[in-house]
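As given, the protein sequences belong to chains A and B, one line each in that order.
Its first residue numbered 324, the first sequence is counted upward by one per residue in my numbering.
Its first residue numbered 945, the second sequence is counted upward by one per residue in my numbering.
Hints in this document: simulated from the structure, not taken from any laboratory.
Certain hints may be false.
As the list claims (entries may be wrong) - Coverage of chain A stretches by chain B, computed from C-beta distances (three or more under 8 Å per stretch; other residues unrestricted):
| id | stretch |
| --- | --- |
| 1 | 455-463 |
| 2 | 681-690 |
| 3 | 733-744 |
As the list claims (entries may be wrong) - Using C-beta positions, here's what the derived DEER-type ranges look like:
| id | chain 1 | residue 1 | chain 2 | residue 2 | range |
| --- | --- | --- | --- | --- | --- |
| 4 | A | R604 | B | S1074 | 14 to 22 Å |
| 5 | B | Q1041 | A | A723 | 36 to 44 Å |
| 6 | A | P461 | B | A1024 | 19 to 27 Å |
Note that the Cβ used here is the ideal one computed from N, Cα and C, for glycine as well.
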Amino acid sequence: MGFSDAVRRLGSGAGLVVQPRMGFEDPARMRAGLAATRAAAAATVGTLTVDSFTRLGDLESVRNALAEGTELNGYPIASHPAETTRAILDGLASDDFPVQVRHGSAQPQPIFQALVAAGLHASEGGPVSYCLPYGRTPLDESVRNWRAGCHELLRAQDLGAEPHLESFGGCLLGQLCPPSLLVAVSVLEAMFFHGEGIRSLSVSYAQQTNMAQDREAVHALRRLCAELLPDADCHIVVYTYMGLYPRTPGGARRLLARAVELAVDTGAERLIVKTEAEAYRIPTVEENVAALEFAGAVARSLTDRRDGAALATHLEAGPGTRATDGGEVYAEAAQLVHAVLDCDADLGRALSAAFKRGLLDVPYCLHPDNAGRTRSFIDTDGRLRWADTGDLPLPPGTAAGGRRSVTSAALMSALSYVRDAYDRPDLASEPALRLAEPDPGPPTLEGAPR
Amino acid sequence: MTGSGSLPTPHPDPADAVGPVGTAGPAEAVRRTVIVSGVASDSHTWNLIYLQMLVEELGYDVVNLGACVPDDLLVRECQARRPDLVVLSSVNGHGYQDGLRVVEKLRAIPALGETPIVIGGKLGVRGAESQERVGRLLAAGFDAVFDDRADAVVAFRGFAAVLPGRAVGGLL
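All chains should be modelled from the sequences, with the hints used to inform the complete structure.
Take a look at the structure:
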């Protein structure tokens, strides 16, 4: 059974499938983490997150760290023998508990080779989404690597499995990217995978600053997939907020509950959760399990509370047929996607050309292959909008234009907008905690690979 | 790269400006350059974008080298551009090791012997640095260390606003 099929089947009873981010160097600990995820009181998918040396293709540093006993920040799947990984998964990974490998690499071939050898078939990323935000690998090179990576993953077919790839395009820098660009990149990457022969796909969207806009974005994603990938087996995964995360337990829970609501309302099939520890450090297994069970419970209560008639229609017709057109986000995303498709018949070359010409341009992204001419801001209604569209193929008037200036102080408050909004109720009732709040200092991105 | 990843200069509202933007007289016709850079092992960029804007608001031109900058690229860029200040920022917890290593390479270049070089951010995995570790960074060649403390941004801005040799008309 393919990953998408398994996710759909798991979610049909529970309303939503939930998944952590989790990776440990030690095989026994990795197995315990997967076992705890499987045992959690929710419909769960397991995750094997790879360490940052493997992500960068630096397998020599992994060997040194393993030899010296220096702890890695994830599971070094390309360095442990396939039997070790098989032993971790033995009796755990199945159609009832699919396991996905998450990594962050612009050179995924060794990772895909290793996961197929271990009997797995599901992973994620993309030539744009795992290149531009995090490093310096040239985009052309990342496209070549991802093409080769898809071919590695297709070898899973020889073992009777259906290879699956999820685009990470719905995240990009984690925050302050207008949803239309997130939707466009996610759809384009899924089309790239499809063009390389992958038939089981998922597209992603990371929760942003405004619920109504987020709902439009998920509907836009589904509509574009239906139009452009009609014969693919495609589902939608929502990422709980990937920017600066609330520091209070209450704020963290409220933001996660909101992400569950977004996923359930829009019929998304899967949700990646965040924990109460997110603002501080890599979460423990227990913290992840607590977040999975909380998200599962919220999903069940939302599903139960729904009007019975509407729910019946929804289940009968399938979540993709709900009458929502994606609004403004769809209109912009469709223009971006079609402008890229017009660049070149080969989608890999089209993606490279589009970034060179600024037809795709991620605001605030410092990668040398990103034009860097776009800017975004959070409007008074909480929607993410363009302050400057640079050379994006969007109609004049899309950007707020010269009235908007982005200063360091404005950037800091935009980066902290969600954290502050969700922490506020708890901080207001606990003045001591508020006084103890330090100046935020330069921002970090909790969503970045380790 | 030749600064293609650098951001266009924002045009801050005068009321928001924290520095002497627009006060440059004839004595300050040549704008001074600051290199902002991540270190080799660190993929974070929001810290670099924030620092770029903050330094630009003080009236400097900024070349932002971005994330995961290998030591030799940083050395080459500093050699070629002769910046008036080098700002290294790291938040992944390995900045201490990365910083110690690369500052020695920078100081080995005669032209950079007197150039102010600073580092800041979350340099280790345990919050604010010990005096001993800060001392080692300073001894290795940094002019200042702005580690993970509440007043780090204010302290850095104060440092960057009054670089030696800056035209008097441009000072706060």
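Hints versus structure:
Note: the stretch 455-463 of chain A has 4 residues with beta-carbon separation from chain B under 8 Å; the three-residue rule is met and the coverage holds. Counting residues of the stretch 681-690 of chain A whose CB lies closer than 8 Å to any CB of chain B gives 4, which reaches the minimum of 3, so the coverage claim holds. For the stretch 733-744 of chain A, the stated coverage by chain B is satisfied: 4 residues place a CB nearer than 8 Å to a CB of that chain, which reaches the threshold of 3. Against the hinted window of 14 to 22 Å, the Cβ-Cβ separation of R604 (chain A) and S1074 (chain B) comes to about 20 Å, which satisfies the hint.
The hinted window of 36 to 44 Å between Q1041 (chain B) and A723 (chain A) holds, with their beta carbons roughly 43 Å apart. At about 20 Å, the beta-carbon gap between P461 (chain A) and A1024 (chain B) stays in the expected band of 19 to 27 Å.
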